[in-house]
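Could you put together the complete structure from these sequences and hints?
Protein chains in written order, with the numbering used here: chain A, 1 to 432; chain B, 433 to 864.
It is worth saying that the hints were derived from the structure and are not from the lab.
Keep in mind the model is a prediction, meaning the values are calculated, not measured.
Where hints are given, some of them may not hold.
[Stated by the list, open to error] Residues of chain A clear of chain B, computed beta-carbon distances all greater than 10 Å:
no., residue
1, Asn-26
2, Ala-39
3, Tyr-355
[Unchecked claim] Per the computed footprint, the stretches of chain A lying under chain B, defined by three or more beta-carbons under 8 Å from a beta-carbon of chain B, are:
no., region
4, 324-338
5, 422-429
From the three backbone atoms N, C-alpha and C, an ideal C-beta is built for every residue, glycine too.
2 protein chains.
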Amino acid sequence: MNNPLRLGVAGLGTVGGGVLDEIHDNGKLIAERAGREVAITAVCAKEIPNQQDVSSFKWYDDAMELANSSDIDVFVELMGGEGGIALASVKAALASGKHVVTANKAMLAHHGAELAELAEANDVSLNYEAAIAGAIPVVKVMRESLAGNTIKRVYGIMNGTCNYILTKMEEEGRSFKEVLADAQDLGYAEADPSFDIGGIDAAHKLACMTSLAFGTRTDFNSIFIEGIEHITLSDIKNADELGYKIKLLGVALATPDGIEQRVHPTLVKKGTPIAEVGGVFNAVGVSGDFVDDIMMQGRGAGAHPTASSVVGDIADIARGIKVPVFGIPAKDLKPSKRARMRAHEGGYYVAFDLYDKPGSVACVANAFSDEGISMKMIKQHAPVETDGNKATAPFILITHNTEEAKLRKVLEVLKNGDYCANEPRMIRIERF
Amino acid sequence: MNNPLRLGVAGLGTVGGGVLDEIHDNGKLIAERAGREVAITAVCAKEIPNQQDVSSFKWYDDAMELANSSDIDVFVELMGGEGGIALASVKAALASGKHVVTANKAMLAHHGAELAELAEANDVSLNYEAAIAGAIPVVKVMRESLAGNTIKRVYGIMNGTCNYILTKMEEEGRSFKEVLADAQDLGYAEADPSFDIGGIDAAHKLACMTSLAFGTRTDFNSIFIEGIEHITLSDIKNADELGYKIKLLGVALATPDGIEQRVHPTLVKKGTPIAEVGGVFNAVGVSGDFVDDIMMQGRGAGAHPTASSVVGDIADIARGIKVPVFGIPAKDLKPSKRARMRAHEGGYYVAFDLYDKPGSVACVANAFSDEGISMKMIKQHAPVETDGNKATAPFILITHNTEEAKLRKVLEVLKNGDYCANEPRMIRIERF
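Next up, the structure:
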């Protein structure tokens, strides 16, 4: 058997602890499979963790020192954060000819192409399976299994916190606020949940998937992002009545105008595989010209499931598997041409309260008709008279496919019309 | 760029045609991703196909000659069949130092360990992603992504014909016979469908997954196999009423007694991911100690989806990725110790017609109670009086977990009891 593969783990939080556990528990099996022992030789963290015995590893206080040390072959970056010490130490490790395994989606979304170039120039691997959808092997499947496909679309439920909140709202009929508070109590949502519910976390992952799918440089700033903060219980109930569920999806697809990258709440038809992924689970789908559609689901977070992906990446390095970071050589990655959301084609859900007076419905119908948008489903509930106000009726509709610019014009007209009691809400529909 | 990787394709049926299409359509992209051109240089088939232009390839009449030829680096075996020319030519190719890519599950199920030894002795790859669940990358995920996990259970819907038939019976309330005839008309089922509906095809795939999961030699003969021929419409309706769907599952798991490998109709709870996989689609799930559960779904057959897996395997070879055929070196694969079905632990669905007379239900209850089996759900429909016969009532029950040997004893008692109007039917339940 070859020499052991020596690992330096930087960051001993949830995921770091999971990696230590997995290599401890399954080290013999990993060595059998990889043909080589995989050994943690050094670690580094802000402080010595209470729960982990790290006495057998060399301790570093500084991640840069660990990255530059000659004690390790692989630098396992599990500190997180877009820049700072994570980015600096990963660059140092790559530049000094060490392989890097990371779960850091923010760093990759912002600096992925640059890091890929550095890794390939130094002939080392940069593996990041754990960065996208936790336990789900989306990176390996996209960059290896689907190597023969022209990819058309990638999509996924890539934030477990959002999926948990939307699922609970739907199942228990409770408001966004209430469920979020619960999720925070249960540890499914951070004290500051804005990265999750605002869609930023999912967008970080989408940026990497876009590069894998289309051979483009990671381009986080071109992603259109809308979070789930504004989704109301009535939206969820309306969607349900019309045969849909609401999910926070990340979607990237190739259009004639460029690459459309977007993260937003989305209506998906009940009964489609993606619609049935509930709770904290993640799911990722890929459509290609030969594979048709495949979808993978599993845990998107958690110490052990995320460690499973980190250790899979380490086993690849031990086996000598090396693949370009984003599937094609980094120097050949093309700049991503952004397709504007105004040019997006799709169906839309629109909901608002309509004043109960003659001509209201005609005004609405005309607003859509003037832009050439045809409606697929319309639902008006019975009017409700509220204290001292004019009666209003909840009005919901779903359009056929149209261009987003046209829909936005209609929303502007509705908003300014005296028949609309409030600003119309819009949610995009994705077809599967 | 390196020299082209030269492929010899043996078999130009559905899948072979798909592979030619894919390399034609996406050749440039594949070369960019693999860092090396991938070129078909020679082909071989029983006869020149009508639909494919093969004039630019060297033609071989005999697969053995192609396998032994120095014109190729990779022998792509798409002829099928457990033994015969497929096996002989694959052996010849491996022995002469050529990589092999195959979609031949029957051959692998019966000769997998031996072929793996031959491949590894000659330091070449034997890739077979297309052999298990078509487009779904189960081999790569199991032998690479999950390399850090102790696998506990693998399972899947691995035969699209059966899943199509069961889904149609459920959705359209039609009998097995009717739906099978339709499936044959539509080309979803063979004229002789016994390999599919009898569970043999799924068992071939399961044999390979078992080896990947547990590091054991492929052992097709230890698989317990039951097909779907005996599933009635009333079973499907009963299951539905009790909150279940019926699927033909392949399951392999590690038990204290050995490896349990089984293919049989199975009740799975509605709402679980596997239960919601309908129609011709396949799905494969893996449970491991760190990854928890992941499930992948996609097309299990068809020219292009299957070709996607074949070409993914070829791209791996072009990239120099080489992994032991069943995840650990073939010489270290352990003999598989068979866990007998009599020792299987699980819940059971039991259905029969009960004569409508005093004491009948007590007799049934006693039969189960005598074996210490407790019941989870019981449903007795109203008695039906048929012409000249005693009235009988459909009686359905679901047991809590028990040992199969005990359940079989109860079935024997019921069968011989004068309160049972017919032989009880039993379907196993799998929990997810």
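Results of checking the hints against the structure:
Distance check for Asn-26 (chain A) against chain B: the nearest CB is about 6 Å away, which does not clear 10 Å, and the non-interface claim fails. No Cβ of chain B approaches the Cβ of Ala-39 (chain A) within 10 Å, the least distance being about 14 Å, so the stated non-interface status holds. Distance check on Tyr-355 (chain A): its Cβ is at least 41 Å (rounded) from any Cβ of chain B, clearing the 10 Å threshold; non-interface status holds. Check on the region 324-338 of chain A: 5 of its residues sit with their Cβ under 8 Å from a Cβ of chain B, so the three-residue criterion for coverage holds.
Given a C-beta distance limit of less than 8 Å, the hint that chain B covers the region 422-429 of chain A is violated, as 0 residues qualify and 3 are needed.
Against the hints set out earlier in the document, violations occur for numbers 1, 5.
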